[in-house]
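S.K.: Sequence:
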Amino acid sequence: GSHVQMVTAPEAAPAVERLLGLDRSARLSSAALETLAIIAYRQPVTRAQIEAIRGVNSDAVIRSLLAKSLIQPVGRLEQAGRPELLGTTFEFLQYFGLKSLEELPPLPESDSEDRP
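Read in this note's numbering, the sequence shown has 33 at position 32, and its numbers run on one by one without any break.
Treat the hints with care, since some could be wrong.
[To be verified] With a straight-line Cα cutoff of 20 Å, these simulated EDC-like cross-link-like pairs (lysine to aspartate or glutamate) come out:
{"no.": "1", "residue 1": "Lys69", "residue 2": "Glu85"}
{"no.": "2", "residue 1": "Lys69", "residue 2": "Glu35"}
{"no.": "3", "residue 1": "Lys100", "residue 2": "Glu79"}
The set of hints was computed from the structure by calculation and includes no laboratory data.
Remember, it's a predicted structure, so these values are computed and weren't measured experimentally.
Kindly generate the complete structure, drawing on both the sequences and the hints.
M.R.: Following this line, the structure appears as structure tokens:
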């Protein structure tokens with residue numbers, strides 16, 4: 002890949018976070034985690050597809066995830082209105098300690114179509 006990641010020893014994390022001004026206590030809400038799961042497992046995905054799965058308006062949570070650089074626009078769907086497609090970012094992988102999307106845990110087997 003074209004990304005480089007510098008890491009520190011886990012025991013140094015609190016000192017490094019203080020030095021860099023990182024606020025790891027700012028956890029993601031359950032709505033944000035649910036939306037991220039949908040995007041991670043179904044990407045590329047539109048806002049309308051996310052909202053159809055969640056059953057609620059997701060504009061605010063999507064804006065928040067975009068601002069945190071955990072998701073990004075990855076193109077447009079070739080249909081009427083050309084809606085924006087969303088996908089995860091390198092920062093998403095870093096946040097969850099993954100090297101690639103292939104490391105996402107498998108979804109439980111289910112007959113339900115409304116899972117992420």
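S.K.: Would you mind marking each hint as holding or not holding in the structure?
M.R.: Do the hints match the structure? See the list:
1. Lys69 <-> Glu85: OK: lysine 69 and glutamate 85 at ~18 Å, within 20 Å.
2. Lys69 <-> Glu35: holds, 15 Å
3. Lys100 <-> Glu79: violated, 30 Å
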